[in-house]
Amino acid sequence: MSEMKKIKNLKEFSTSADRFEGANLLCPGCAHSIIVREVLNATNDDLVLSASTGCLEVCTAVYPYTSWDASWIHIGFENGSTAVAGAEAMHKALKNKGRLKQPERNPKFISFAGDGASYDIGFQWISGCMERGHNIMHVVLDNEVYANTGGQRSSSTPIGGSNTTTPAGRVSYGEKRNKKDMVAIMASHGIPYSAQVAPNKWKDMVKKIQHGMAVDGPVFINAVSPCTTEWKFDPKDTMMLTDLSTDSLVFPLYEIIDGHELNITYRPKNVVPVEEYLAAQGRFKHLFKDEYKYLIKEWQERVDANWAYLNRREEARV
Amino acid sequence: MANTGWDEFEIGAMLRSFDGKIDDIAGTLQEDRKYSPNNSFMASVADWRIEKPIFSKDFCIDCQFCWIYCPDMSIIARDKKMIGVDMDHCKGCGICVEVCPTNPKSLLMFPEQADEEAELAQWPAKDEKEK
Amino acid sequence: MAFDKMELRDIEVWDGNFAAAQALRQCQIDVVAAYPITPSTPIVEGYAKFLADGYVEGEFVMVESEHAAMSGCIGAAAAGGRVATATSSQGFALMVETLYQASGMRLPIVLNVVNRALAAPLNVNGDHSDMYLGRDSGWIQLDAYCPQDAYDLNFIAFRVSEDHDVRLPCMVHQDGFMTSHTAQGVKTLTDDEGYNFVGDFKPMNDMLDFEHPVTHGVQTEEDWHFEHKARQHNDLMTKVMPKIQAAFDDFEKLSGRKYNIVENYDMDDADVAVVCMGTSVETAREVATEMRAKGIKAGVVGIRVIRPFPFMQIAEALKGVKAVATLDRSAPGGTVGMLFNEIAGCLYNLDTRPMLSGKIYGLGGRDLTKKHLVDLYTELQANVDAGKITTPLQQFIGVRGPKLSFL
Chain Y
1 MSEMKKIKNL KEFSTSADRF EGANLLCPGC AHSIIVREVL NATNDDLVLS
51 ASTGCLEVCT AVYPYTSWDA SWIHIGFENG STAVAGAEAM HKALKNKGRL
101 KQPERNPKFI SFAGDGASYD IGFQWISGCM ERGHNIMHVV LDNEVYANTG
151 GQRSSSTPIG GSNTTTPAGR VSYGEKRNKK DMVAIMASHG IPYSAQVAPN
201 KWKDMVKKIQ HGMAVDGPVF INAVSPCTTE WKFDPKDTMM LTDLSTDSLV
251 FPLYEIIDGH ELNITYRPKN VVPVEEYLAA QGRFKHLFKD EYKYLIKEWQ
301 ERVDANWAYL NRREEARV
Chain H
319 MANTGWDEFE IGAMLRSFDG KIDDIAGTLQ EDRKYSPNNS FMASVADWRI
369 EKPIFSKDFC IDCQFCWIYC PDMSIIARDK KMIGVDMDHC KGCGICVEVC
419 PTNPKSLLMF PEQADEEAEL AQWPAKDEKE K
Chain P
450 MAFDKMELRD IEVWDGNFAA AQALRQCQID VVAAYPITPS TPIVEGYAKF
500 LADGYVEGEF VMVESEHAAM SGCIGAAAAG GRVATATSSQ GFALMVETLY
550 QASGMRLPIV LNVVNRALAA PLNVNGDHSD MYLGRDSGWI QLDAYCPQDA
600 YDLNFIAFRV SEDHDVRLPC MVHQDGFMTS HTAQGVKTLT DDEGYNFVGD
650 FKPMNDMLDF EHPVTHGVQT EEDWHFEHKA RQHNDLMTKV MPKIQAAFDD
700 FEKLSGRKYN IVENYDMDDA DVAVVCMGTS VETAREVATE MRAKGIKAGV
750 VGIRVIRPFP FMQIAEALKG VKAVATLDRS APGGTVGMLF NEIAGCLYNL
800 DTRPMLSGKI YGLGGRDLTK KHLVDLYTEL QANVDAGKIT TPLQQFIGVR
850 GPKLSFL
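Protein chains in written order, with the numbering used here: chain Y, 1 to 318; chain H, 319 to 449; chain P, 450 to 856.
It is worth saying that the hints were derived from the structure and are not from the lab.
Where a beta carbon is used, it is the ideal one built from N, C-alpha and C, also for glycine.
Take the hints with a grain of salt, since some may be wrong.
[Said to hold, decoys possible] Within a straight-line C-alpha distance of at most 20 Å, the following computed EDC-like cross-link-like pairs (lysine to aspartate or glutamate) qualify:
id, chain 1, residue 1, chain 2, residue 2
1, Y, K6, H, D342
2, Y, K236, H, D365
3, P, K678, H, E326
[What the hints assert, rightly or not] Covered by chain H, per the in silico footprint, the following chain Y stretches (three or more residues, Cβ under 8 Å):
id, region
4, 10-19
5, 55-63
6, 232-242
7, 260-266
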């Protein structure tokens with residue numbers, strides 16, 4: 001194990017030399033990029049990366065340009081996790097056989113994928129990787145929608161969002177199902193570490209990424225990634241939206257160690273009403289019509305119940 | 319590369335990030351790297367911008383909020399100091415301005431055509447109404 | 450870590466699956482990512498047992514699907530090492546997406562395909578439906594006719610696939626059950642001979658070289674994609690055959706066993722010929738010899754290399770023949786069989802063209818009997834005697850019910 005990068009404060013963090021480059025084709029204000037930077041800059045170790053098909057992938061490796069200063073692979077929509085797992089297996093094999101070109105190095109294997117590529121089409125591949133115990137980290141850039149293809153619902157899309165395949169209309173308020181709890185599902189594999197992170201809470205994120213890199217075995221990270229294009233807010237407001245998501249507890253920040261021990265890692269001093277989070281996004285605009293206001297109330301109740309559940313899990317220490 | 323024939327590419331459409339060998343990427347700042355022409359660092363998205371950020375160092379406290387939250391690796395921080403904006407890679411999203419905590423802000427958005435020196439000369443004063 | 454060598458007899462009694470598993474062991478694969486499916490499962494099981502007994506050093510990743518198997522192989526191959534797996538039928542079909550990605554990224558991976566029918570209706574036995582499904586995927590495809598071939602062609606596959614001038618993945622096909630589960634005498638190489646023939650893996654554009662980071666699997670739209678696919682096609686068309694021939698030549702020097710890109714049998718003066726693949730080649734050869742005793746100058750063209758297709762070699766082999774039948778072991782889905790199409794293409798521009806007819810046979814593992822082939826050669830001779838094709842162009846062989854023919 002190489003020494004963990006010391007990041008005491010933001011000034012110290014800002015001395016990092018980015019391994020993800022600009023002039024990629026992500027939208028102005030895209031949170032994906034902020035998350036990727038915080039993950040990659042959490043370590044100085046070498047990296048082997050993958051991206052599943054999605055915004056991050058199609059915007060960062062469009063011929064003849066790559067935005068990656070580390071080895072990187074994309075295969076398909078569903079199998080980025082397995083691509084990195086294959087590379088990790090090769091690293092293990094060559095290490096045992098004494099054939100690594102730079103045997104002293106201690107690379108980290110990280111797969112990035114959107115919620116569509118993780119919650120939906122890549123679900124089985126990720127589950128396989130988690131179950132088999134590869135030393136990899138899978139990071140979901142969770143923007144709750146297929147943003148790359150223009151805003152179709154995924155199983156991460158929350159109730160009431162208007163998306164192109166579940167649009168709000170004369171007789172519909174949009175998406176009818178609530179998002180699935182991917183962190184819990186992944187933790188149920190008994191993996192050493194899973195966590196939910198948000199880019200506004202960079203210190204919490206870096207701590208979790210470093211913890212994930214230090215443990216032996218698969219790690220699952222779900223990162224909230226507000227999407228200026230599909231959530232419909234001004235690109236300058238990405239961090240404001242991220243703050244609203246964490247401080248309304250719509251995206252609570254917590255970790256699950258060894259599949260059971262849950263720790264809440266961020267408790268907002270002033271909890272923001274969910275209504276404010278919803279009101280800041282065009283995708284929920286229709287919920288503020290009189291006939292759908294009950295949905296906002298239900299939203300708040302759901303978020304409160306989830307927060308209470310997480311607190312009970314944390315207290316129970318099981 | 320636009321006129322490159324089929325026989326002139328690397329097989330598998332493989333791209334290299336750097337020209338030649340690089341020993342310690344995470345320990346090498348951008349200005350010291352030998353980027354390959356295929357690295358997007360060598361490209362520019364300046365023409366995406368409608369508005370651009372202008373940085374006034376007079377009020378900057380080097381908190382690095384703009385650095386950490388910039389989605390385009392365009393806040394140049396060296397030795398823990400904010401020293402400017404990379405205008406080849408800034409897409410003009412305006413996040414840096416939103417997260418800047420100083421009063422007055424040390425970064426403000428202006429139309430792409432605005433004259434930097436002129437804007438710096440008339441930078442807003444401290445807003446006393448703010449807390 | 451270390452591993453033990455295995456002492457083999459000069460001739461072992463192996464089925465095609467075990468022969469392939471032994472070849473993989475001797476080639477010292479770095480990563481095998483695999484998923485079991487009948488009839489290829491014993492390759493994976495055999496490899497797992499070698500690992501459990503300490504005869505293999507490397508990572509063996511039992512994934513959750515064939516798609517993941519090839520995905521893992523792609524990641525491992527891009528990382529930089531020797532990679533192989535095995536599959537059949539539905540599993541092969543599930544892999545198809547990733548097959549194109551492996552070849553497009555120019556990654557040397559060896560895939561043993563134990564040929565089996567594609568559902569529906571479900572069937573576990575050997576036909577060439579899955580093999581045909583992969584024929585546009587940009588892989589090299591070699592075809593074994595018996596367990597000995599399945600063993601030998603694996604060495605050829607690694608040697609050619611990993612060559613830096615080639616860097617294309619390679620399938621080794623064998624017929625499900627007929628080859629994979631039929632034990633025959635297999636002449637062996639020693640572990641050292643086998644390994645030295647393929648040699649040490651030489652990495653290229655490897656992700657684990659941290660001093661030269663690479664990006665694999667980029668997006669190329671209309672302004673780049675055509676050139677990259679053209680490059681890939683060019684390399685398949687021009688670079689692979691000479692390397693296969695060189696590998697066959699070296700292999701003959703090592704083992705005394707001679708392989709050819711097209712396996713001609715009694716073709717020098719043949720009037721009538723059958724073109725086929727897999728186990729049918731051996732049956733056809735036996736019948737051709739018997740037909741010669743009856744005065745019919747019969748020959749057999751066996752396809753050894755399916756991709757790149759040996760267009761010129763086949764045209765050369767068939768140019769003096771009067772009547773040719775192609776044997777396709779796959780439901781043609783609304784046209785003539787794949788081999789009929791390919792062979793017709795080879796023959797079309799010749800000065801003298803043989804008469805060409807196509808047979809569909811053996812679906813779902815239905816036996817191709819000697820009687821079928823006797824009838825076939827007799828029919829071809831009748832065409833020769835009549836100076837024209839006397840039957841419909843496409844006929845089904847060995848199917849119950851009213852005679853089925855088209856065109």
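Right, here's what the structure says about each hint:
1. K6(Y) <-> D342(H): Holds: K6(Y) and D342(H) sit about 17 Å apart, inside 20 Å.
2. K236(Y) <-> D365(H): Answer holds: K236(Y) to D365(H) is near 18 Å, not above 20 Å.
3. K678(P) <-> E326(H): Cα-Cα ~13 Å, so holds.
4. 10-19: Answer holds; 10 residues pass the 8 Å Cβ test.
5. 55-63: Coverage by chain H holds here, the residue count being 3 at a Cβ distance below 8 Å.
6. 232-242: holds (count 7)
7. 260-266: Three-residue rule not met by the region 260-266 of chain Y, so violated; n is 0.
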